[in-house]
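**Q** Sequence:
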Amino acid sequence: MEGGSRPERENKDVRKRSEKLGSVLEPNIEPFVPRKGYDPNELRSWAKKTGFVSTFSGETQRSASGRRDLNEGRHNGDDGYGDLERGGVFAKNESISPKIEIDPILGRTRRRGPEIEPVRGGANARERDGVLGFKDAVERGDNEVRRNGAAELSLGTNNALRTDGNEGGAAIGANAPPTEPKSSDDVIMYQDGEDLGDGGWQPSPKLIFGLKDNPGYVPIIFYGLQHYLSLAGSLIFIPLIIIPAMGGTDKDTATVISTMLLLSGITTILHSYFGTRLPLVQGSSFVYLAPALAIMNSREFRNLTENRFRHTMRELQGAIIVGSIFQCLMGFSGLMSLFLRFINPVVVAPTVTALGLAFFSFGFPQAGACVEISIPEISLVLVFTLYLRGVSVFGNRVFRIYAVPLSVMIIWAYAFFLTAGGAYNYKGCSADIPSSNILIDACRKHAYTMKHCRTDVSDAMRTAAWVRIPYPLQWGIPIFRLRTSLIMIFVSLVASVDSVGTYHTASMRINTKAPTPGIVSRGIGLEGFCSVLAGLWGSGTGSTTLTENVHTLDITKVASRKVVEVGAIFLIVFSFIGKVGAILASIPQALAAAVLCFMWALVVALGLSTLQYTQTASFRNITIVGVSLFLGLSIPAYIQQYLPESSLILPSYLIPYSAASDGPVHTGSKEVDFAINGLLSLNMVVTLLIAFVLDNTVPGSRQERGVYIWSDAEDLATDPSALSDYNLPGKVCRCFRWAKCLGVR
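Going left to right, the sequence shown walks through residues 12 to 756 as this note's numbering numbers them.
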């Protein structure tokens, strides 16, 4: 018979119930602190017993009273954690004092071991097996946690415990952080991805549809078209710039646009099923644009007069195929997993930034050929994306989502009225810009303006067929040469680094775990295969993950895999209609260049935003980024000054891309000289090499460098379903189960 008075026995029973917490399914929960004057050291001890990890500096050591309480709990048959749900979240044999380490991205402590899985998907997928979870001990916000009036106990400055329940069960965020940071390294997550100025940023926005959600037949069509319209600038405007520079006709431009639409649709579906399986669009990448301009403006191609477009395209095809095969082998062989150990945000950020800055001498000089439409286009797209971004029409922020297509349609109509009103009519000059205009003094100074401003100079609508299916080798057999192949091999490395950053950022946007190195290798290998297809079809550029996808996921809040696949099917259908490509080919060149000025600036911004995963105030980081960016722009400028011949032949905006033939490197081999001079004239390649060497040789902590948190073996052993979003389809997974290096399970 148990001794002691009745009040003492009642107090002892209350303490036992408070330690075990009970189940949150019970309608009445006993108060955690049953009496006044409770010792705060005992509160801290109880929090340690339940696995809570605090970021308060005063709670890093276990108190003596905490050890006594723990021993008492063991003598009473408790396992040291309390009965948190029999058969529930935590294992009985788990260590009492969890292993603590600093989260290198979020900057706060986390406990290694069994963790509650993050909520997958959007509003329709907040429950998973009846357990509401947290990722890396970061609270996603009260809107994600409250369900049906569940009980709340909040942990504030007095160290009270906070518990959130939901319908199907209960779980305690074992190492949930306090709601307010106590040091400059803490990061708090907020909704809608807004930067609140104190280092807080929410990487996982409030999604309309999650990765595995199915919106339904009508919404899926609407959101599919919306997703690709928001990426219109990246999908269709590159051919409008490079095909005329290659000597192609308007019909050739329309054909290349249709080819790009077809390849973007096919490669996106392949990546959605067999790649990383993230909702990312594949398309003609800006990574391949600068080397394409460098190859087509070499001395050999400048002197061609007949069939210049086809010969140049075949040279590009051969170089892209060789570089893509190298990328494919690097991914599927597992070598990419080793390479990922040296790729961090400090390397990714300046590389992607240099990719956008590489076209500063090409963008507005092209757009400035007709300032009457280029300046209004740039102004309008900035007004839509910045000043009208919060305006909603029927519940949709149309100006933010459709900024590019809306501005293009408005300015295109404006240019049509200028043309019809006679703004570009000059006496004795033909609107078709025949060669005779160059011979007439009165027309020579107007010919360039008429070509770039008028909307009726393109004959693509008259010459393009209604139905045409792009086919492989449509421009002829590819030409394989060592000098161009070496350039594209290095460019494929840049494309891989660009995609690594996009994979990681996109995974945070859609509330899922970061892909493992094996999954990233699988995605990079498939991107190489898709670029081989682009080389065979002859799109002029390789096919990679579009960096602008991150911005699209932010503004649309739609991350459904099915939405991206349905939109890709529409692209394939549109590619078969020749008149669609012809309509797009008739967009004035100055208007297309103005849109690309905005897109390239967006790439610069997205590259710099990657630095948020690092300690941006670190002198080490800012020095590496600054030096790599400056030298990445300055060294190519030095290479580009050796242009004694091309300066009299090419327009000024193409001169920086003609250094491969006239650079200062002379090794005795023309092929090697061309490759080295061409690589040193590319800003992104030089920036990548400098940032890669500095970041991997200068000492720095993991948190300081912002080392990506790839899911490791310990996480997978604890919860094998953590990476289920990346699993290949069932039959494919069974066929390639042996390929463990590609994340196949």
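Hints are supplied without guarantee of correctness; some may be wrong.
Said to hold, decoys possible - Derived lysine to aspartate or glutamate pairs resembling EDC-like cross-links, with alpha carbons at most 16 Å apart:
hint : residue 1 : residue 2
1    : Lys217    : Asp470
2    : Lys223    : Glu576
3    : Lys262    : Asp467
4    : Lys681    : Glu311
5    : Lys262    : Asp470
6    : Lys438    : Asp452
7    : Lys590    : Asp470
8    : Lys590    : Asp261
Stated by the list, open to error - Each pair of labels, with its calculated beta carbon distance range:
hint : residue 1 : residue 2 : range
9    : Val382    : Ser441    : 14 to 24 Å
10   : Gly401    : Thr316    : 27 to 37 Å
11   : Tyr398    : Leu493    : 47 to 57 Å
12   : Ile488    : Asn225    : 25 to 35 Å
13   : Arg319    : Leu417    : 35 to 45 Å
14   : Ala476    : Ala648    : 39 to 49 Å
15   : Phe581    : Ala476    : 18 to 28 Å
16   : Ala434    : Pro662    : 22 to 32 Å
17   : Phe353    : Asp467    : 19 to 29 Å
18   : Thr708    : Asn407    : 42 to 52 Å
19   : Leu236    : Gly401    : 17 to 27 Å
These are calculated hints, taken from the structure and not from any lab test. In this text the structure is predicted, and so the values were computed from the model without any measurement. We put the CB at the ideal spot given by N, CA and C, even for glycine.
**Q** Within 47 to 57 Å or not, the Cβ separation of Tyr398 and Leu493?
**A** Since Tyr398 and Leu493 have Cβ atoms about 51 Å apart, the given range 47 to 57 Å holds.
**Q** For the pair we were handed, Lys681 and Glu311, check the Cα-Cα distance against 16 Å.
**A** Measuring from Cα to Cα gives roughly 12 Å; hence the hint holds.
**Q** Taking the Cβ atom of Leu236 and the Cβ atom of Gly401, is their distance within the range 17 to 27 Å?
**A** Cβ of Leu236 to Cβ of Gly401: about 23 Å, so the range 17 to 27 Å holds.
**Q** Given the proposed pairing of Lys590 with Asp261, does the C-alpha separation stay at or below 16 Å?
**A** Satisfied, since the Cα-Cα distance of roughly 12 Å is no more than 16 Å.
**Q** Hey, Lys590 versus Asp470, does the alpha-carbon distance stay inside 16 Å?
**A** holds (11 Å)
**Q** Checking one constraint from the list: CA of Lys217 to CA of Asp470, max 16 Å. Satisfied?
**A** Violated. Lys217 to Asp470 sits at ~46 Å, over the 16 Å cutoff.
**Q** Is the hinted pair Lys262 and Asp470 satisfied, with a Cα-Cα distance of at most 16 Å?
**A** With Cα atoms ~7 Å apart, Lys262 and Asp470 stay inside 16 Å; holds.
**Q** At the C-beta level, are Arg319 and Leu417 separated by a distance inside 35 to 45 Å?
**A** holds (36 Å)
**Q** Is it true that the C-beta distance of Phe353 to Asp467 lies inside 19 to 29 Å, as the hint says?
**A** Violated, since Phe353 and Asp467 (Cβ atoms, about 53 Å apart) do not stay within the stated range.
**Q** Are the Cα positions of Lys223 and Glu576 separated by 16 Å at most?
**A** holds (12 Å)
**Q** Given the hint of 18 to 28 Å, check if Phe581 and Ala476 actually sit that far apart at their C-beta atoms.
**A** At roughly 20 Å between Cβ atoms, Ala476 and Phe581 fall inside 18 to 28 Å, so the hint holds.
**Q** Would the pair Lys262 and Asp467 pass a check requiring their Cα atoms to be no farther apart than 16 Å?
**A** OK: Lys262 and Asp467 at ~14 Å, within 16 Å.
Checked against the numbered hints above, the structure violates hints 1, 10, 12, 17; every other hint is satisfied.
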